[in-house]
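**Student:** The primary structure of each chain is shown beneath.
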Amino acid sequence: MIKLYDFEISGNCYKPRLLMGILGVRFERIALDFYPGREHKSPWFLKINPLGQIPVIDDDGFVLRDAQAILVYLAAQYDPSGLWYPRGDPEMQGRIAQWLGFADAITATASAARLHDGLFYDLDIDKARSGAHALFRVLDEHLWFAEQEGQDWLCSTGHPTIADIACFPYVMLSEEGGISRLPYPAIRRWTDRVKRIPGFTVMPGIFPADAVSV
Amino acid sequence: MENNRGWFPVARVEEVVPRHVVQAQILGQEVAVWRDDAGQVNAWENRCPHRGVRLSIGINDGKELRCQYHGWRYASGSGQCTYIPAHPGQKPANVIKTKPYGVTERYGFVWVNLGEDADVAEVPALGLNAFTTLRSIYVAAPAAAVTGRLEGQGFAPAGDYTLEGNGTTLLIQPMDGGQTIVHGLAAGEAEGAERLALLRRHNELLTEVRDAAEREAA
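Line by line, the protein sequences are chains X and P.
Residue numbers are given in our numbering: position 87 of the first sequence equals residue 168, and the series is strictly consecutive.
Residue numbers are given in our numbering: position 191 of the second sequence equals residue 1274, and the series is strictly consecutive.
Keep in mind the hints are simulated off the structure, nothing from the lab.
These numbers were taken from a predicted model, which means no experiment stands behind them.
Among the clues, some could well be false.
Looking from chain X toward chain P, a few residues come up when the C-beta cut is under 7 Å (computed) [claimed, not checked]:
#1 Phe-115
#2 Trp-225
#3 Leu-263
#4 Pro-264
#5 Pro-266
#6 Asp-273
#7 Asp-291
Per label pair, the in silico range of CB-to-CB distance [unchecked claim]:
#8 P/Tyr-1166 x X/Pro-289: 34 to 42 Å
#9 X/Thr-282 x P/His-1170: 28 to 36 Å
#10 X/Gly-133 x P/Gln-1236: 47 to 55 Å
#11 X/Gly-133 x P/Gly-1250: 54 to 62 Å
#12 X/Pro-285 x P/Asp-1259: 28 to 36 Å
#13 P/Glu-1205 x X/Gly-259: 33 to 41 Å
#14 P/Ile-1179 x X/Asp-114: 41 to 49 Å
#15 P/Ile-1179 x X/Leu-145: 49 to 57 Å
#16 X/Ser-211 x P/His-1133: 29 to 37 Å
#17 P/Pro-1183 x X/Gly-259: 48 to 56 Å
Positions of the beta carbon are idealized from the N, C-alpha and C atoms, including for glycine.
Work out the full structure, taking the sequences as your base and the hints as a guide.
**Tutor:** Structure representation (structure tokens):
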């Protein structure tokens, strides 16, 4: 069974949990004392991931770090439909990679602001928040125009992809870092759609939507 | 509170989608806007009467809005509390209800008035029969600064919080002293590729205005 080196309130750890829940992949969680114990920087864990970051998965000896890389692997390995990470379409693969990079930028800003407010990280909070707002503007505009063309998801495949999974958590947790989503109505509609994906699971700070879509 | 605090558009009607709660703000007051499954739109103070949590993070089940915190439910239309999970056998007291605002749909937008017993006859008449609603643009700057910038881009005042120019009517939604939303309607019903091109052009123009107004306000 897949082992997930995990921390309950980490949005990056939530990404593989969310995708594995949707795909029906069973996994075992190995909880690290990320805060205040800093177990991800401990000697035993640095042998697993020298970057000292979670999540990491161990799939029968295949060890992989980086939330976005893990999503790519999980979808490629465990999604027989091929819809979550479509292959054979260079433009689509490029688009997905683009939004996976965008998800990393969200982590560097919105997640950083949340670490500052919630776990007392010492960083430039104004810069983190304004950086997140700049990204959310781009995201809201993209999603609004996608809706005008009848598209519900980040990459216009008619089906959500790992790009949606990668961008969702730290958008949804942004208010814990003092970043309001009031200016982003298209983002708010998209997060409701993500919550209605069959198999969707929650984490602390992320609430369910009504199960029924009309 | 006076009866009429002005009607302001808060969202395109298409964007008040079923089973969703829109988070809006006018004149410093947050408003939860939601549509029930019969199509009726509600605009309530964005605050659960129980513990004050925002109703905009609650669940729209098509008939009632359920607070995310303790699950109190409020009926579409009346705002009356219908169910308190901690007291499942008791009918909630009549005094437990959300605070409703005036709300109506006109010209492709949902309009809200914070006044009590607001009269829909006072929604501004725009004199538009055929129109295309455009993307609403959020600006982190006061309404006056945004209006000033728009006047430099070929728009002219045409009533309170309304400007016209470039074949377009703009409606200003003052969120608070430092935030503004600019809604827009273009004359005529554009369709297909022509509509998409119109939406893009307007978005580009308003983005320039937004950036200039924000630089000025910074």
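**Student:** Taking the hints in turn, state whether each one holds.
**Tutor:** For each hint, the structure was consulted:
no. : hint                               : result
1   : Phe-115                            : violated (26 Å)
2   : Trp-225                            : holds (6 Å)
3   : Leu-263                            : holds (5 Å)
4   : Pro-264                            : holds (4 Å)
5   : Pro-266                            : holds (6 Å)
6   : Asp-273                            : holds (5 Å)
7   : Asp-291                            : holds (5 Å)
8   : P/Tyr-1166 x X/Pro-289: 34 to 42 Å : violated (18 Å)
9   : X/Thr-282 x P/His-1170: 28 to 36 Å : holds (30 Å)
10  : X/Gly-133 x P/Gln-1236: 47 to 55 Å : holds (51 Å)
11  : X/Gly-133 x P/Gly-1250: 54 to 62 Å : holds (58 Å)
12  : X/Pro-285 x P/Asp-1259: 28 to 36 Å : holds (30 Å)
13  : P/Glu-1205 x X/Gly-259: 33 to 41 Å : holds (37 Å)
14  : P/Ile-1179 x X/Asp-114: 41 to 49 Å : holds (43 Å)
15  : P/Ile-1179 x X/Leu-145: 49 to 57 Å : holds (52 Å)
16  : X/Ser-211 x P/His-1133: 29 to 37 Å : holds (35 Å)
17  : P/Pro-1183 x X/Gly-259: 48 to 56 Å : violated (30 Å)
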